Structure formats: structure tokens, C-alpha cells
Amino acid sequence: MAAPPPAADVIEIGMPGTHFRRERGTQLREVGFAVGLFALLSIALLTLLVLMLDVIVEGAGSLSVSFFTETPSRVDPSSSGIGLAITGTLYLMLVCAAFIIPVGVASAIYLEEYANREKWFNRMIEVNIQNLAAVPSIVYGVLGLAFLVRGPIGMGNVVFAGGLTLGLLVLPVVIVAGREAIRAVPPSIREGSMALGATKWQTIWKQVLPASIPGIATGTILALSRAIGEAAPLIVVGAIAFATTADTSLFSGTFSALPIQIFGWTADANEAFKPLAAAAILVLMGILLAMNAVAIWLRNRFEQTW
Amino acid sequence: MEAGSHLGSATPGGYKPLGVKRRRWGEEIIRGLLFLAAAISILTTVGIVVALLGESIPFFIDVGTKFFTDGSWSPLFADPQFGVWQLLNGTFLITGIAICVAIPIGLASAIYLSEYATPRVRKTIKPILEILVGVPTVVFGYFALTFVTPEILQALGIQVKGFNALAAGLVMGIMIVPTIASISEDAMRAVPQGLREGAYGLGSTKRQVATRVVFPAALSGIVAAIVLGVSRGVGETMIVLLAAGLQPNFGIDPRDGFATITTFMGSAADGDNPAGTIGYQSIFACGTILFFLTLAMNMIAIRFVRKYRQVYD
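First to last, the protein sequences are chains A and B.
By the working numbering, the letter at position 242 of the first sequence is numbered 242, and the numbering carries on one by one without gaps.
To convert, count from 1 in the second sequence and add 1000; that's the working numbering.
Calculated from the structure, these hints are not laboratory results.
Distance condition first, Cα-Cα at most 16 angstroms in a straight line; then the derived EDC-like pairs of lysine to aspartate or glutamate:
1. B:K1161 - B:E1151
2. B:K1206 - A:E30
3. A:K206 - B:E1027
4. A:K274 - A:D54
5. A:K274 - A:E58
6. A:K200 - A:E112
7. A:K200 - B:E1027
8. B:K1161 - B:D1256
9. B:K1126 - B:D1186
10. A:K206 - A:E191
11. B:K1066 - B:D1079
12. A:K206 - A:E113
13. A:K274 - B:E1151
14. B:K1307 - B:D1186
15. A:K200 - B:E1028
What you are looking at is a predicted structure, and each value in this text was computed from that prediction instead of being measured.
Taking the hints into account, I'd like the entire structure generated from these sequences.
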């Protein structure tokens, strides 16, 4: 009346409680496939591990207090440091943040709260943001070179041009994150505000924006952490690895940045600079780690469930 | 009573449409400002196109068909040559190596994370893959030049030069893995559970479900992931600039150094080429090729992504 009891070569696979008859060797193939998948995945994880270890082993010895303050030297690795690179990176991030926060948030508000998706130009803005995210970073460098460094604005190879170039590069990150944060605010909040007589802008400014600040802040930090590691566009707009003047101002003088310094030391024919490059990488990765930790903390601390 | 009759006369239905009142100019101005901010992204694109074409149209008028017929690429030399094929050769050789690394690792990671990993394992591995996205490419370049070439390739007895396409390609492949893995995984997770259950019900094993049901069902997303991976590789600058050398070259021997479109742009744009010279314009000509190449790939990818979303959402 019932099914015959399972034979010896029946293996339980798939949904729990279901039994299939299998040829011998099938299980071996099943396990082999799973192991193979994990082995391939491990190559990526291992590479990351080896990269980290290599940088720590090579660079840890060069980390010292003077390394953070010294200016780079072309000849003497022992008296060379990332002082100017750190200043440059700080200035770049300030300019970048001052650009992407207002513009990115305003764009996100427009696209989420005002834009009528039936209109062609609003759809064009959306498609355009998607496409901008895939433009190679060096092309943004060319944009900065043509319009900010030379051409009509022509401010020269200054840190302001570099920061603005990076800002254009990471603007889509802020817009996308801002839109998600704004979308997460439930419509009932807006309707409640409107019902009490607030105008649309009052509703956005007093209700929607405050509620979406954690998401926007997280997005901004992620955008800045992308910008801080970019070297290619800065090379094109004229950042230099062996800047010597310390009189960094936004609109004059030469400037350096951490990734540019790493590039300069790595590319230098003098092998004695390689440990310095590794040490600078450690500093850069440390900053990145800290920024991401803050972003994760923000997300967890202020995450709002409606 | 008074108000009621007034409302009644406004529309036949008895209701006055809400929100029709005096214009608030402050609100209109704010709306306009917000629109301007959103339009900056359009301006960026227009700016890129104008910048690229503005300098490269004179370049192409000057150089003409030599762009495709010259044997080598050396626009900065006294006797300039403008054959772009050498740069394309380098770009696609290195990207090709990278994609050969990234496809198996990326797709295996995606299948593992989507079909095999327990939620806990997934929660551990995904953030690690995301760290890989966050590693600045100049760091990958350092790794390729100072570790992969001497400590792995040369140590294994492979006769690579100090600058070579192989190390650059291998490291670039690892860099692309998260792109391919995360987009393919999204596509695989979008495959409805019912398809898997149906296959299990017909007696499939887990591997058969993964390879013969989920994989084909997610194929358009996977293709999109690979196309985006190629596009990232083609546009990548720092790894090739550091590890693959600056010498334009023909051939397919990955042990040699090769220049790519991006390495030329990075090395020529060091500020020594005054605006208006053919050397300066050649940076923009290369940028034009790069921009339209990656734009085309991105549009193809978006089309494929849309396809799988339409089917299952």
C-alpha cells in the first residue's frame, strides 16, 4: 500500500523531506560543484587578504609622526612624508562636500518630490544620472581640464578645480542615496503636514528632510570615500606628487593628494620610495575604514522604521 | 449655508477642486532652484561631450584617416604617429585578461551567494566583497606592480617584463569581480522561487537547479553584469598606468608592456602640453573614444537589466 522503503542509494537532496533516486557519483558532483564555487569565491577574498598583508608588511615600518608632517622629497626617502598630501586631500574633500551636499540633496528632492515622470526632461535627467555613474573617472578629469583648469573659467591647476572635478564625479552617488532616503519617508507624513496647512516646501523642509538626514549623510560619506581614493581625474587636472610649497590656498598654488602621492612614489624609479607608498596606502585605507565605520554607525543608529 | 451654496456652484459635483488658489511665488522659486540643481547632471554630460568634441574635432580634421591607418601611436614625438590601434590593442588585451579572471570568480561568487550560502555566511561574505569595491584603484596598481609581477609571476618562473599586461589584467580582474558578482546575484535572487521549486519537484539536484534553471533565467542580468565589468575595465586608469607601462605596443603576448587609451590620457595630461597643440588635443581624442565606448556598453547593460526586471517584477 505505501511506497517501498528507500533503497541504499537514495540520497536526500533538495527540499527537506523529499527523496530522489540517484545514480552513484551524483553526490560527488554535487559536492564538487559547491566546493568549486566556494574555491573561486575564496580567490577574491584571499587576494584582498594578501593585498592588505603586503601593504602592512611593506609600509608599517615607515609610519612615524614625521611621516605625517614632512613634505615629499624627490631625493631623500627618509625625510619624505605625506604632510602636503594630507592637506591637499583635506581641501579636496571640503570643496567636494561643499558642492555635492547642496546640489545632490536639491537634485534628489526635485526628482522625488516635484518631477513629473511623464515629462521627457525629467526622464532624461534620470537616465542621464544612470549613465553618468558609468563614465570612467578619467573622463571627468578631462572635463575638469577643459572647463575648470583651462578654457572659459581657467582657474589653473588649483585645488578648487580638483575638488569640483571630484564632486561632479561622485554627485550621482549622493543623488541616488538622497532619493532613496526621501522615498523611505512615508506619504502619510507629507499628507499630515499638508493637512495642517503647510505648503509643499514647508513640508519638505520641516518634515521630509529631517527624517531623511541619516540616509543622506550615509550617502554623502560613501560619495566622499569614493572621491578620496580617486587618482586618475586628479592627474589630468594637474595634481602633483612632489609638490613642495606648503601655502595651499583654494585658488592658487600647486596641490597634491594622498592617492596622487601613492601614485608618485609607486611609479618612481627609486625603489626606496616603495615603502613610503605602502605607508601612505595604510593611511588612506585607515581613513576609508573610519569613514565607512561612521556611515554604518549612522545607518544603524538613526535608521527609522515607520 | 452660505459657503455650502458657494461650493455647490463651483463644480457640478458639489466639490471645489482642492489646491486651486493663489500662486505662491516663493514655492515656485524654490521649485525652480531645485530643478536647476537637478539639471547640473545634464550640464555635466553636455560639458563632457562639448569638452571632448571641442578639442577632438580639430584633432580629427588634422589627423584624418591617419587615426586608423598609422602603424603606431606617438602623437607627442617630433615625428608624430596617430594609429589608435596600438592603444585599443592594449586596452582590450588587458581587459580581456581581466574578464577571463572576473567571469568565473564573479559568477561562482554570485551562484554561491544566491543559491548555496546560508543567510549568515552571506552576511559575512558580502561586506568583504564590498571592501574590494572600496579599495582605491591606485592601491590595486601598487599591488600589481610591486607584488603580483615580482612576487607571484616572476617567482613562478613566468618571464614577464617589469611592466606587463598580465599582472595588470589579473589584478584588474579581481577589481571587477564585485561588479559582476553583485549584479549577477541580484539577477539570480530575482528569479522566482517557484521556478526552483518546480525543478526540485521534477527531481533536479541543487546543482542542476543552479546551472539549468536559475542561471538561464538570470541570463540577461548576468550579461549586463559582464558588459558593465568590461566597461569598468576599459575605463580603468591607475592599474594600467602603474603596472602595464606606457609603451604602445602590438601583439597578444601578455608578458609585454602595453599602453592603453587611459594610460595615454593619464601620462600625456601632466600639464606639459599647452592647449591647442596636437598633443593636448590627442588626450581629448582618446577621451572621446573612451567615453562613447563605455557609454555604448552601459546602455546595452541597462537594456539587459530592464529585461530581467520586466519579466519577474
